[in-house]
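A.B. asks: Sequence:
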Amino acid sequence: MSDSRPVQLTPSGPPETVLDDEPSGAVAALSAALGLPDGDDRRSAVAEVVARWPRFLDAWARLGDLGRDTIESYAAYRVGYHRGLDRLRANGWRGSGFVRWEHETNRGFLRALAGLQRSAAAIDEADEAERCATFLRQLDPNWPPSDL
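Each residue of the sequence shown is one higher than the one before, counting from 3 in the numbering used here.
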């Protein structure tokens, strides 16, 4: 089986993976949902985006941000993280290499992973929180970004 997506080599290290664009309708729907006032309406609108576009990583991360409690947030971030691993592999990632914040399309995955780190720490799952922190630094040596 061959992969038609090229892996980008960087002059300073491992290959770099950039996720493909999200559907424009999904991006617009998430933007509209996030424009609603804080609270249940915003959370429900983001959940509707996730239901319509279940592969939309930033929607999962934003749903985690809006969780009603730590466990609900943890669950949304974990789904975003695992769906993100699938998307990375589909875009040529082979388990190592950079996935940098500077690429807008990578941000949903990185937000989900950072959220998973925070929520794992909040429920005293220290080993998971540390794995996530290490993975973030491996994916983007400049982690954390100033505009997170």
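Bear in mind the hints are in silico, worked out from the structure with no lab data behind them.
Warning: the hint list may mix true and false statements.
Unchecked claim - Simulated restraints, written as ranges between beta carbons of each label pair:
{"hint": "1", "residue 1": "A53", "residue 2": "P17", "range": "12 to 22 Å"}
{"hint": "2", "residue 1": "G37", "residue 2": "R96", "range": "32 to 42 Å"}
{"hint": "3", "residue 1": "R54", "residue 2": "E106", "range": "14 to 24 Å"}
Where a beta carbon is used, it is the ideal one built from N, C-alpha and C, also for glycine.
A.B. asks: All the hints need checking, so say for each whether the structure fits it.
C.D. replies: Outcome of the hint check:
1. Taking 12 to 22 Å as the suggested C-beta distance range, the pair A53 and P17 does not conform, at roughly 34 Å.
2. A beta carbon spacing of about 38 Å between G37 and R96 agrees with the range 32 to 42 Å that was offered as a hint.
3. Distance hint check for R54 and E106: the Cβ-Cβ separation is about 21 Å, which falls inside the suggested range of 14 to 24 Å.
Of the numbered hints stated above, the single one contradicted by the structure is hint 1.
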